[in-house]
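Asker: Sequence:
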Amino acid sequence: MNLKAYVAEFIGAFALLFCGVGAMAAGADGLAVAFAHGLAIAVMIGAFGAVSGGHFNPAVTFAVFIRKKIEAKDMLLYWVFQFIGAVAAVYTLKQLYPDSAMVTCAFGLPQTATELAAEMQPVHRFAAEMIGTFFLASVVIGSAIYKGGTQAPGLHIGLTITASAIAIGAVSGSSINPARWLGSAAWAGRFEEAWVYLGGPLAGALLAGLISVYVVHKDEAAAA
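So the working numbering is basically just the index in the sequence shown, starting at one, shifted up by 36.
Heads up, some of the hints might be wrong.
[Claimed, not checked] Restraint ranges, calculated between C-beta atoms of paired labels, are given here:
id : residue 1 : residue 2 : range
1  : Asp135    : Leu246    : 41 to 47 angstroms
2  : Ile202    : Lys130    : 26 to 32 angstroms
3  : Ala222    : Ala64     : 19 to 25 angstroms
4  : Leu112    : Val251    : 24 to 30 angstroms
5  : Thr140    : His160    : 31 to 37 angstroms
6  : Ala68     : Leu112    : 30 to 36 angstroms
7  : Val116    : Phe227    : 17 to 23 angstroms
8  : Ser136    : Lys109    : 39 to 45 angstroms
9  : Phe227    : Asp135    : 17 to 23 angstroms
10 : Val159    : Gln187    : 28 to 34 angstroms
[Stated by the list, open to error] Below, computed lysine to any residue pairings styled on SDA-like, alpha-carbon distance capped at 20 angstroms:
id : residue 1 : residue 2
11 : Lys104    : Ile181
12 : Lys104    : Val251
13 : Lys105    : Glu155
14 : Lys130    : Trp223
15 : Lys40     : Val116
16 : Lys40     : Ala83
17 : Lys104    : Ala86
18 : Lys105    : Val123
Quick caveat, the hints were computed from the structure, so don't treat them as lab data. Note that the coordinates shown come from a computational prediction; the quantities given were computed from them, not determined experimentally. All C-beta atoms in this analysis are idealised placements derived from N, C-alpha and C, irrespective of residue type, glycine included.
Input sequences plus hints: build the corresponding full structure.
Answerer: This is how it looks when you write it as structure tokens:
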């Protein structure tokens with residue numbers, strides 16, 4: 037049992053929602069919220085990447101599992117700690133911010149992030165979440181697992197999250213992380229689009245894991 041890795045995943049997921057939802061509760065604009073999410077992940081990967089791999093996202097963990105870089109038992113326990121960290125972060129924000137601030141931002145619920153997002157159909161949000169997570173998981177696999185010539189995977193991964201938030205934030209809120217959605221949904225009491233925010237990212241992660249087998253360098257694939 038790799039307890040250190042599980043705790044690292046808890047802290048990373050906590051930090052993501054604490055910073056991301058915290059920015060929303062503070063009334064930050066969309067660009068600031070995008071950077072809050074991306075920077076949180078970038079620095080957490082710097083802090084804990086060597087301990088747990090720095091996933092902080094059940095979809096990323098699933099993609100890593102597809103690439104056979106993590107055992108099924110560890111994947112499930114990563115998920116548990118990621119989800120708990122996310123829920124705990126929003127609870128903490130509830131204690132720090134006035135109720136009015138948390139209600140106004142719907143506890144950070146992605147599908148209410150913008151007026152346009154609230155008007156989009158669930159199938160549009162599913163597609164956006166799948167595509168955004170595909171890009172994110174592909175960057176994780178290429179930069180963090182197979183290094184991809186970079187010495188700063190956290191920067192690449194964090195910028196991917198920020199870019200996704202800018203690109204699809206108006207469509208789905210750019211959760212691209214089941215824990216990011218659940219942490220907010222648990223306190224908002226809204227689970228009607230669970231299939232979108234759980235299924236979309238997992239589908240994108242599955243595609244990234246499978247496609248990366250064919251696009252990664254042959255020597256690296258053989259070593260996987």
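Asker: Look at each hint and say if it fits the structure.
Answerer: Status of the hints after comparison with the structure:
1. Checking the proposed 41 to 47 angstroms range against aspartate 135 and leucine 246 shows it holds: the Cβ atoms sit about 44 angstroms from each other.
2. Hint check: isoleucine 202 to lysine 130, Cβ distance near 27 angstroms, so the stated range 26 to 32 angstroms holds.
3. Alanine 222 and alanine 64 have their C-beta atoms about 22 angstroms apart, which keeps the hinted 19 to 25 angstroms range intact.
4. For leucine 112 and valine 251, the Cβ-Cβ distance of about 28 angstroms falls inside the hinted range of 24 to 30 angstroms, so the restraint holds.
5. Taking the beta carbon of each, threonine 140 and histidine 160 are about 24 angstroms apart, not inside 31 to 37 angstroms as hinted.
6. Between alanine 68 and leucine 112, the C-beta spacing of about 35 angstroms keeps the proposed range 30 to 36 angstroms intact.
7. For valine 116 and phenylalanine 227, the hinted distance range of 17 to 23 angstroms is satisfied, since their beta carbons lie about 18 angstroms from each other.
8. Hint check: serine 136 to lysine 109, Cβ distance near 43 angstroms, so the stated range 39 to 45 angstroms holds.
9. For the pair phenylalanine 227 and aspartate 135, the beta carbons lie near 21 angstroms from each other, so the given range of 17 to 23 angstroms is met.
10. The hinted range of 28 to 34 angstroms is not satisfied by valine 159 and glutamine 187, whose Cβ atoms lie roughly 40 angstroms apart.
11. With a C-alpha separation of about 11 angstroms, the suggested pairing of lysine 104 with isoleucine 181 holds against the 20 angstroms cut-off.
12. A threshold of 20 angstroms between alpha carbons decides the hint, and for lysine 104 with valine 251 the separation of about 16 angstroms falls inside it, so the pair holds.
13. Simply put, lysine 105 and glutamate 155 have alpha-carbon atoms about 39 angstroms apart, too far for the 20 angstroms limit, and the pair is violated.
14. As the CA atoms of lysine 130 and tryptophan 223 are separated by approximately 9 angstroms, the hinted pair is consistent with the 20 angstroms bound.
15. For a cut-off of 20 angstroms, the pair hint linking lysine 40 to valine 116 stands: about 14 angstroms separates their Cα positions.
16. As the CA atoms of lysine 40 and alanine 83 are separated by approximately 13 angstroms, the hinted pair is consistent with the 20 angstroms bound.
17. Between the alpha carbons of lysine 104 and alanine 86 the distance comes to roughly 18 angstroms, so the proposed pair stays at or under 20 angstroms and holds.
18. Between lysine 105 and valine 123 the CA atoms are separated by roughly 27 angstroms; this puts the pair beyond 20 angstroms, and the hint is violated.
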